[in-house]
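My request is simple: use the sequences and hints to build the entire structure.
Chains as they are written, first to last, in my numbering: chain V, 1042 to 1387; chain E, 1042 to 1387; chain X, 1042 to 1387.
Don't take each hint at face value.
In this list, chains with the same sequence are indistinguishable; a pair is considered to hold if it fits within one copy or across any two.
Claimed, not checked - Below, in silico cross-link-like pairs of lysine to aspartate or glutamate (EDC-like), each with a Cα-Cα straight-line distance of 20 Å or less:
no., residue 1, residue 2
1, K1381, D1267
2, K1381, E1370
3, K1373, D1383
4, K1239, E1195
5, K1305, D1323
6, K1338, E1061
7, K1359, D1369
8, K1359, E1370
9, K1239, E1250
10, K1239, D1272
11, K1177, E1195
12, K1177, D1152
13, K1177, D1272
14, K1373, E1250
15, K1236, E1250
None of these hints come from the bench; they were simulated from the model.
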Amino acid sequence: MSTTVRSFRLDELATLLGAELRGDPACVVGGLATLDDAVSGQLSFFANPRYLDSLRNTQASAVLVAQEHADNAPCSALVMSNPYLGYATVSQYFERRGAFNAGIAHGVQIDPSAKVSESAQLCANVVVGAESVIGKDVYLGPNTVVGARCQIDEGVRINANVTLYDDIKVGAHSLIHSGAVIGADGFGFAPDNGKWVKISQLGGVSIGENVEVGAGTTIDRGALADTVIADGVKLDNQIQIAHNVIIGEDSAIAGCTAVAGSTKIGARCTVAGGAGITGHLDIADGTHITAMSLVTKSVTKAGAYSSGTGLMPHKQWKRSVVRFRQLDELAKRLKSLEEKLDRSKG
Amino acid sequence: MSTTVRSFRLDELATLLGAELRGDPACVVGGLATLDDAVSGQLSFFANPRYLDSLRNTQASAVLVAQEHADNAPCSALVMSNPYLGYATVSQYFERRGAFNAGIAHGVQIDPSAKVSESAQLCANVVVGAESVIGKDVYLGPNTVVGARCQIDEGVRINANVTLYDDIKVGAHSLIHSGAVIGADGFGFAPDNGKWVKISQLGGVSIGENVEVGAGTTIDRGALADTVIADGVKLDNQIQIAHNVIIGEDSAIAGCTAVAGSTKIGARCTVAGGAGITGHLDIADGTHITAMSLVTKSVTKAGAYSSGTGLMPHKQWKRSVVRFRQLDELAKRLKSLEEKLDRSKG
Amino acid sequence: MSTTVRSFRLDELATLLGAELRGDPACVVGGLATLDDAVSGQLSFFANPRYLDSLRNTQASAVLVAQEHADNAPCSALVMSNPYLGYATVSQYFERRGAFNAGIAHGVQIDPSAKVSESAQLCANVVVGAESVIGKDVYLGPNTVVGARCQIDEGVRINANVTLYDDIKVGAHSLIHSGAVIGADGFGFAPDNGKWVKISQLGGVSIGENVEVGAGTTIDRGALADTVIADGVKLDNQIQIAHNVIIGEDSAIAGCTAVAGSTKIGARCTVAGGAGITGHLDIADGTHITAMSLVTKSVTKAGAYSSGTGLMPHKQWKRSVVRFRQLDELAKRLKSLEEKLDRSKG
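Okay, here's the thing in structure tokens:
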């Protein structure tokens, strides 16, 4: 079960990355670290000009670096146009993941009507519901529950303690982290004389390929049609996606953001952490929302948008808050002064 | 285990809903959809005057509609005063839920001192602690853990991967979604020379009847007395309810809202998503808090309340943020100008 | 399995607390309650001068109280300099926790290469991965999953349905609540022509001693080095700690706060609920951040800091929001008026 961290010769890495090697081809690196933390035998990368001093003083045996900074490397260099992308690629080589062991662990319970690929790995106490289909090379972590009529495509990895309700599709090579809940009921009730009558949520959730869903993130099932997460979307931890939301391709959303019902977020949007987007909005492709902003109207033009105020010493802030309450009155008094002054000149 | 979606004749639905049927009594509908999405053989509903064109052009075989708009339906109509409520009712008929199979699944572990009704369904790997009582027709989803001395009343449904600590009461017909944690310790510590001494949380959690608790929502146990969620309360996903909070009947709270310790929220309040309510406050019955607002004082009068600022292009926002910091000074300068002008006139 | 609530003679409590007893040494108290709720046979405490009337009228058999207020107690008094700290201590005596039963419950699955202390209690369906070490007197609640190469030190309590990924260290006597996820991937991707390339997260998580982690809280593994939670840190529910964050000793963070990647929070900081701290910042020791504040710059000087605006009636708020958008223009008009007035005087 155990895994050892892999090692690479620099000429081997140069070939894998399509990088130009300056230095010792036989040098072996057995790990990745930051420029400051790296020790001999490790690889590092230089992607932010702010850290030029760190590059010059690194103890790494080799660095990924762009051509224009390669001369500053005090060690072997793998020269490439986008060293940050190179770092991402190499990080995957160094990942220390338990061996994939196809098969059904002890305590797994699979409904007789479900279909599970022989190459899938179902860990301890996994539960798979009726008519669900678990594809090739799928990994289901311990204590994960998959409901009925789910379709989990090839190469999907679902970590421990995830819950998929009924009628969930997860596209190939997507990754879902622990504690995520996919397909709980959307929050829908009809008011009836001060009471709430539940609206059964009849849709499912459709997650595309190469999606990542963070720990503790919740994506509700649709009221009638499906909630849709398109290919390549990246969702961080503790995000809440309400019923019938549609998130376009390759959009990325940081932790603790909430998106209310039926909102449509375009492709290649980025939403920072703790933001809120209210319901029934359209957010244009390529929009960027900054941290903890509240979006209450559709965004029709790509760009960066914000709400909120900046951090201040608490005492000073209390005074600004008082004035914020008076803001309309202050503006009117200003207007009135301007008119007085105009008249006095006239 | 599998379920088929049900079908209904329109005369049957008219009777169930108390609606007036205009059209073909023998027409059969086998599903619900929006006016735009519906196809022949489906039922839809018209509840928002904005969608009048959608009503006129729907392909649905029948619609739920109020009398004043019934003439616009191009199909059979079930005429009723509140078609949205009708939609809620019908949605429940069309819900596709796995058959209820009373009994104890494989891997379930029940403490010998617990009492479990014969009509309850305990799914795979459920754990039930000492002296707990599981009532009639209760459903406990796979991998759900119920602690000691819990009381789960008739008809409660607790989905997969829920955790109930010790001393939790859940009233009849309540619904708890996956990932919810009920009864973890409230956040209480006494400071002692720069260290924190834990205050053991000795209360429990009391959840009323017909309550819904969303996925990933956490409700902490009380410090001394219970945390209380009254009958009919609806909590969306990822809400945090701190120790000794009391939430009044039929209040509804949207996702990602947090309520701090000992705050009392009245009956029939609505709190939008991402709001925060600090501790030891009283919120009047019928109060409405808008999205991402922060409540730091008690609300004594029902009404709609808000905090925060509106979304702006980021560059413009940065200028407003700078001015917000100067707001008290700006207000004082305005006051000073007014006085000067008064004097110059005097 | 069942537990009874303990009882104490007052002379026994006086000795345990180092308190001075005024009243009946043989009086027995069998529970804790607030001054208002307490009945005969219970102990209460007086820590907030606001509740002096409650002290005078309490039905408790005894109270913890400071010397200067002891005369107001209508019952036996345990006099001590810090009654709130006394309350914390006594609350632990009255905690009603199931007996600790060392051993391995049914359904537990332990990798053969893991080491589990004989004095540890592993509840139903716990899973322990390869090479992990479970220390003395550790409690792992039902359905909790521990990954590979984890180290769980003496006396740690991890409640039900927790997920620890690989390479997690938890220091002695720490407490982790249900639904917490420790060690999921940090949110790291390199952009590549509109797509995201995953950066494998190669670090782990290092949690110190006497740490508390709330329900549903997520702490991501580091990108290269570990994410670090120092000794004595207290994290409430549904907090998100991103990769490579460092939180200093004895800092306490309330529910629903999010800390973005690589930010370093000092020692003895307090962060209220729903706050957000963006990435790569340094927060000075002893800083206090108020509820729902957004921190986007490093805090170099201890103190209380805030952002946001205060709660207002929604209609009035909408007017302030409009003016906030005009704030820079309003400030410029004010400046211009001041200059005009200066000139007109000159």
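Results of checking the hints against the structure:
1. K1381 / D1267: This pair counts as neither: shortest intra-copy Cα distance 60 Å, inter-copy 62 Å.
2. K1381 / E1370: Intra 16 Å, inter 19 Å, cutoff 20 Å: intra and inter.
3. K1373 / D1383: both (15 Å within a copy, 17 Å between copies)
4. K1239 / E1195: This pair counts as between: shortest inter-copy Cα distance 18 Å, intra-copy 36 Å.
5. K1305 / D1323: within (5 Å within a copy, 36 Å between copies)
6. K1338 / E1061: The answer is neither: 49 Å in one copy and 39 Å across copies each exceed 20 Å.
7. K1359 / D1369: Intra 18 Å, inter 9 Å, cutoff 20 Å: intra and inter.
8. K1359 / E1370: both (18 Å within a copy, 13 Å between copies)
9. K1239 / E1250: between (32 Å within a copy, 14 Å between copies)
10. K1239 / D1272: Close across copies (14 Å), not inside one copy (32 Å); limit 20 Å.
11. K1177 / E1195: For K1177 and E1195, only the intra-copy Cα distance (5 Å) is at most 20 Å; the inter-copy one is 41 Å.
12. K1177 / D1152: Within one copy only: 18 Å inside a chain, 25 Å across chains, cut-off 20 Å.
13. K1177 / D1272: Result: close within a single copy only, 19 Å intra versus 44 Å inter.
14. K1373 / E1250: neither (54 Å within a copy, 51 Å between copies)
15. K1236 / E1250: between (41 Å within a copy, 12 Å between copies)
Figure legend: structure checked against the earlier numbered hints; hints not met, in rising order: 1, 6, 14.
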